[in-house]
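Enquirer: Go ahead and model the full structure; you've got the sequences and the hints to work with.
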Amino acid sequence: MKVDNEFQKIGKRIPYEVPDGFFEKITEKTLQQAKLRDPKYRKSRILWRTMSVAASLAAALLLGYMILYPDIKSESNQLAIQSQPVGQQLNHKKQETTRQSTVTGINKTGSEQVPENKTTAINQTEGLSAVLADLTDEELQQMATMLKTDPFINESAQ
Amino acid sequence: MKELMTEITDSEILGMLKDPVTRDRGFLKLMDRYKEPIYWHIRRLIVSHEDAEDILQETFIQVYRHAGSFRGESKIFTWLYRIATNECTRFFRKNKKWAKNSGTMAEKMSVEQSGTDSENSKAILFKFQQAILQLPEKQMIVFNLRYYDELSYEDIGKILNSSVNTLKTNYHYASEKIKQYLIDHA
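Those protein sequence lines, which keep their order, are chains A and B. Using numbering that gives the first Met the number 0, read the first sequence as starting at 0 and increasing by one per residue. Using numbering that gives the first Met the number 0, read the second sequence as starting at 0 and increasing by one per residue.
Which chain A residues face chain B? A few, computed with CB under 10 angstroms, are given here:
(1) K11
(2) R12
(3) Y15
(4) F21
(5) I25
(6) T29
(7) D37
(8) P38
Calculated directly from the structure, the hints in this document are not laboratory data. The model shown is predicted, which means the values in this text are computed figures rather than measured ones. Glycine included, every Cβ here is placed at the ideal spot set by N, Cα and C.
Expert: What follows is the structure, encoded as structure tokens:
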């Protein structure tokens, strides 16, 4: 070949060298670079990064809010109760009273321990006396009439 | 013989590159096959190893990204050489004073520490590279592709988008200039 003959004396050697292991490492290195610069891979990476940042931010905000306003839960319960109809509020109060009585029963120790039924009965009597004390004479009269005339109340009493 | 039977062809590698499932495996196969000739093609033009490494990576990254749109009208290696050569040309544009300063080039060049090379042959290799680097850009590329890579004028034509006759003329002028340089610097 003419090409070879022209510079036969020189040959095809090159006076350059490469660092050891260069060709072994370059393949994997290039693949990693190619993947990083691939638009599809980049798009999904950006999406995941955005999502993780948003999640972290939301968690941090929630945590901060909970630290700054620790009573927010009880306040919100209170608000919920206030916004309920009167009948439901009474039910809620009843539940609260029962819960309180249970707690009272638990807290009482040793000699002070009272049977649960008895405690509830006492509380109920106390509640009834308070209600009766608040009633006017006329209201009391009405209630008495109602008790006499109402067949269901009389039936349960019997 | 068995190895020859199982050796994967360029078109099979291209098929792997186009399939998202086998894309990475195809890429590794392609790099294993062509990283060395492409690296040396770049290195002969650019001289610096660091720059040649960057351009080599860039070349294969381009292949990874655009393999899907490669229609296979030309051979895969001519496509690779074309991308690499374009990257080198871009590098020349960015670094206009590149390697024209023989002092800088001498620093970048490191003569192989082979025991069989005499001082004289080292000097000849060095001078030969300097002679090539003095050539105009296109002549230098044509000379390297023909002389070192032993590519046909048809393949070089596909790489550089030139006619065979133009390339032959380029090669002829390049050879003459190199000879003259070697005589002048003997």
